Amino acid sequence: MQPLDYLKETPSQTAGPFVHIGLTPNKLGIGGVYPQDLGDSPIREEAKGQQITIVGTVRDGAGMILRDALIESWQADAAGIYPGNDPRGAADPNVGGWARIIADFDTGEWVLKTIKPGAVPYPDGRMMAPHISLWIVARGINLGLQTRVHFEDEDNSACPVLGRIEHRDRVQTLIAKKTGPDNYRFDIVLQGENETVFFDI
Amino acid sequence: MTANSEGDRDPLFFRDRDWHPAAYTPGYKTSMTRAPFRPLVALGSTLSEETGPAFGQSMIGALDNNLILNFTGQPAIGERIILHGRVLDETGRGVPNVLVEIWQANAGGRYRHKKDGYLAPLDPNFGGCGRTLTGPDGSYEFLTVRPGAYPWPNRVNDWRPMHVHLSVFGSGFGQRLITQMYFEGDPLIARCPIVRTIGQEKAIEALVAPLDMNRAIPMDCLAYKFDVVLRGRRQSLFENRREGM
Ligand SMILES: [Fe+3]
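Chains as they are written, first to last, in full-length UniProt numbering: chain A, 1 to 201; chain B, 1 to 245.
Among the clues, some could well be false.
Stated by the list, open to error - Stretch by stretch, here's where chain A covers chain B in the computed footprint (C-beta under 8 Å, at least three residues):
| no. | segment |
| --- | --- |
| 1 | 75-85 |
| 2 | 96-107 |
| 3 | 122-129 |
As the list claims (entries may be wrong) - Beyond 10 Å from chain A on every Cβ pair, some chain B residues (computed):
| no. | residue |
| --- | --- |
| 4 | E90 |
| 5 | T132 |
| 6 | N157 |
| 7 | E184 |
| 8 | L211 |
| 9 | A216 |
| 10 | P218 |
| 11 | M219 |
| 12 | L222 |
| 13 | K225 |
I should point out that these hints are in silico values taken from the structure, not numbers from a laboratory. Predicted model, so just to flag it, every value in this text is computed and none were measured. Quick reminder that beta carbons are idealized off the backbone N, C-alpha and C, glycines included.
Can you make the complete structure from the sequences, with help from the hints?
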């Protein structure tokens, strides 16, 4: 038999307790290496679309709020086009799409200020409801966790991804609750009751 | 940010989750309350994971990949090493223009972090982070000092082997990876509960960088080679035709 000459993906290891040294040194107080941390905002002021603020926490199976969590977000522009390499065309130049978000070192609360993304097609052409993808790392997380933020005030009923979730009562863990005209709350639960849906993508 | 090339849009290879560490690994105590208990929802990649952020050379400073000098401009103390390698995907192709970020303890095993109270002193000239973009063939290079081993609160006498943390982007958000590289010959590797979160011996070996005397600089520094492999992309005429194309 011929060999299959694929390489294996490098195995993951936890980001550990000191991930901020590497990824957000300025926010940790290590100044002077980089002028600015990467990923401070996914948008510029002039970005088209509804400006929104999402606030949340990351909680563990013992009910403790993580103060060391680091989250990255990735999203489309208001028209549903991804910046950079979207095969359908160029995105709003004022949308970078990517952000690096850290839990507050004291309260554990994280904040994402962005614009609400448009719907994006699933591989079969059906539209996925507007969402922001999240990737979560921290001490004790051996492989980054992938989840999505959907929005309470969007029509999520026909989303093919949400439709894949067999236990329908879990869908609500992916839906940010509206707390104001442009404000949402999205609490992530790593383990136990109301455990957030994480994807194998 | 700069645009990625056209080939960087295909669906991602499925992740071999038996090769990666499991989420729940009691030897590493913190994982016990931070591991999801419910099964992951199987999805496969969509446009949301096949696209991803891109970074340009303009974001990278001249000393960003030189951890010996990038904090104060005065040299850090320790064994000087070049850490180099390539970022590849599972098909063996080099992945160009992607961001590689590293962080590590100083030569004594101490991190510049208020939560690190280890006895070893801080080095006033060592910050502990670096970053670079891969070249056209996926290659990258850092100049740093070899980090010391350090004790950590887990079981009563657990020590981390010497290691460097790496964060790597591909061209798609679904390729995002954080890992750690270890050094050839370190007897603490086999004893480390974080290393042992990985079940397969061959997978552990993939995290151990060999000494590379061909890249060492005489009378200056040693070198270690560490390649990073990201998820590949599926190429099939049958699956690239999305609606409207
Ligand atoms: Fe470490």
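Hint check results:
Coverage of the segment 75-85 of chain B by chain A is violated. Counting CB-CB distances below 8 Å, 0 residues qualify, and the rule asks for three or more. Only when three residues or more bring their CB closer than 8 Å to a CB of chain A does the claim for the segment 96-107 of chain B stand; here the count is 4, and the claim holds. Judged by the Cβ-Cβ criterion of 8 Å, the segment 122-129 of chain B is covered by chain A as claimed, because 3 of its residues qualify and three suffice. Not every Cβ of chain A is farther than 10 Å from the Cβ of E90(B); the closest lies at roughly 5 Å, contradicting the non-interface assignment.
For T132(B), the non-interface assignment is confirmed: its Cβ lies about 12 Å from the closest Cβ of chain A, beyond the 10 Å cut-off. Look at N157(B): its CB is around 19 Å from the nearest CB on chain A, clear of 10 Å, so calling it non-interface holds up. With a cut of 10 Å on Cβ distances, E184(B) stays outside the contact zone with chain A, its closest approach being about 16 Å. The claim that L211(B) lies off the interface holds: its Cβ sits roughly 19 Å from the closest Cβ of chain A, which is beyond the 10 Å cut-off.
Separation of A216(B) from chain A is adequate, the least Cβ-Cβ distance of about 24 Å exceeding the 10 Å criterion. Chain A leaves P218(B) outside its interface by the beta-carbon criterion, the shortest separation being 29 Å against a cut-off of 10 Å. A cut-off of 10 Å between C-beta atoms confirms that M219(B) is not in contact with chain A; the least separation is 28 Å. Every beta carbon of chain A lies more than 10 Å from that of L222(B), the smallest distance being close to 22 Å; the non-interface claim holds.
The beta carbon of K225(B) sits about 13 Å from the closest Cβ of chain A, which is more than 10 Å, so the claim that it is off the interface holds.
Violated hints, in rising order: 1 and 4; the structure is consistent with all others.
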